[in-house]
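When you get a sec, could you build the whole thing from the sequences and use the hints?
Read off the chains here:
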Amino acid sequence: MAAMGAGQMTAGTVALPEAPTPPGPFRRWMTSPIGAQVTAAVVFIGAWQLLTLIAPRVPGPVEVVNFLFVEITGGSHGGIVRGQFFEHFAITLQRFSLGLFLGFVSGLLVGILIGSSTLARALLNDTVLVLLTMPAFVWAFLTTMWFGITWQAPVLTVAFASFPFVAINVAQGVRAIAPELKHMSTAFEVGRSKQFRHLIVPAVAGYIFAGLRFAIIVGWNGILLSEWFSGQAGVGFRTRYWFDANRYRGFVGWVIVFIVFIVVVDRVILNRLQKRAFYWRDASEADFIEIEEQQVGL
Amino acid sequence: MTDTVAESIQELDQAQVLRTAAGTRRRRYLAVVLGWIVFIGLWWLLSLWVGSEARLPSPGRVFQEIVVILQGDFWTQFWASIVRVVAGFFAAVLIGTPVGYFMGRSKYWGNFLQSPVIVAGSIPGLTYAVMAFVVFGISFWGPVLAVGLIAMPYVAINVAEGVRGVDRRLVEMSTAYGRNERQVFRHVTVPSVLPFVFAGVRLSFSLAWKVGTLTEVFGSSKGIGFQIRRNYQLFNMPAVIAWVLLFVLFMLLIERFILVRAEKRLFRWRQWERDR
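Which chain is which? The protein sequence lines are L and U, in order. Per my numbering, the first sequence starts with residue 197, numbered consecutively. Per my numbering, the second sequence starts with residue 15, numbered consecutively.
Rather than coming from a laboratory, the hints here were simulated on the basis of the structure. Be careful, since some hints might not be right.
Said to hold, decoys possible - Where chain U lies over chain L, by a calculated footprint (3+ residues, C-beta under 8 angstroms): (1) 318-327; (2) 389-403; (3) 411-422.
As the list claims (entries may be wrong) - A short list of chain L residues far from chain U (calculated; beta carbon distances all over 10 angstroms): (4) Arg-278; (5) Met-330; (6) Phe-384.
The C-beta atom is built at its ideal place from N, Cα and C for all residues, glycine as well.
What follows is the structure, encoded as structure tokens:
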């Protein structure tokens, strides 16, 4: 299998079946994790390039990179429109963070309520489940019908879409506080603030963080949809602008921008942060997957 | 003698516990019903305050609309969506299972496929919906493609996990007793990986439905997503909310009554293993 991967790239050099000799440094690098990932990227770009040969309407990688260069540096797209990367990106980030803040804070409050009181849980749990099941584009439609084409529509779409994910996670975290520890610390007269700091915060922090991650993923999808359907600025709007103009290189370019954004934020920054912050927990990653299982499935 | 006394006391205690448990359960049901009443009551008050059917219709008005839909083309529309989503899941399983198999079997392919699968798993649904529309236009296959693409990474990751978790001892024993590779694959690998295929579908279930309906918003002339969009364009707020609520209800029912049960059945052996 490893030989196959190596052969894909360098058919000319190591295609000969060299059986018992120990692998050279190049071959060793090719079969290393990094080598495999680099090969995957190269194969992907090659396949993309091939696709443009079969379907000429698909913009190739070079075309898209050129487009992005012009868009980011603010150059001119064929003398008609100027590149406007930062304007749109900044607007989207503003709305995104405001909506995320609203969704996160309200989710935190409701989650603590649901987690700590049985009555609140019985009252609110179903409502949160219903909200969890609603697709984000519905919020984009509803907020547009309520507020028209304004800044409130995307902000509230993000807030509504992310709220139930935060609430469910936080509720789960609050319920996961070990009752034995709580009883014990009360029995040994540990002060309330001390209990809060050393018992409640460490127990819930991981769940809150997981909720935040979900909120970011779901909210990002929400703001793109909202701006696509009813924006006059922003990443989603700009993506649609190029789509409507039948300039697929612009469309693909912006799609890459918003995918790279979410991958970097979620997988590179948040995932690492989570691992580092919660390394002391026995199985923080396993917990996260478990939580993920419980609610992505909903 | 003392034994029987102790037993009877224990029984009494148990009865007490059961009775209080029933009481708590009854109280909890009551609170759930109360929760719904509060929710609908708040909605009703809010709709009175807003005072415009085009902005926020009252619960009664939406209920009327739901009745109209149920008497009308509810099943045709839902059936259209169901068929597409199920076909999409088939595509996801068809592609995701071999991908996951390779990822789990060999370290090299695990590394090779890891980043693509992770990136594919974090692509916003909008991308798939628009892509499906570009490729297929208004057609049956658009939502199928979108659902397949969105669910595939989940299936792949789970199958990989399942393949890595295949009981080594079982494989060794089978080989020791002279079973060939095909037999081991058929009778050891497949049965232990199958639940993980299901887990992948289950995990991506709601996400895939959401993206499926979104794709119908873009390129379809049928289905729930199309109905939501049509009524949105007609500015028919009661119908939009009615369709959304039907969708939510449908999803929750499938979740509760089909998926949870299927999961319990499929993973019964795991429970058994845990109990042991």
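A quick look at each hint next to the structure:
Note: the stretch 318-327 of chain L has 8 residues with beta-carbon separation from chain U under 8 angstroms; the three-residue rule is met and the coverage holds. With a cut-off of 8 angstroms between beta carbons, the stretch 389-403 of chain L has 0 residues touching chain U; three or more are needed, and the interface restraint is violated. For the stretch 411-422 of chain L, the stated coverage by chain U is satisfied: 5 residues place a CB nearer than 8 angstroms to a CB of that chain, which reaches the threshold of 3. Against the 10 angstroms criterion, L/Arg-278 stays outside the reach of chain U, whose nearest CB is about 24 angstroms from its own CB.
With a cut of 10 angstroms on Cβ distances, L/Met-330 falls inside the contact zone with chain U, its closest approach being about 6 angstroms. Every CB of chain U is more than 10 angstroms from the CB of L/Phe-384 (nearest about 29 angstroms), matching its label as outside the interface.
Checked against the numbered hints given earlier, this structure breaks hints 2, 5; the rest are met.
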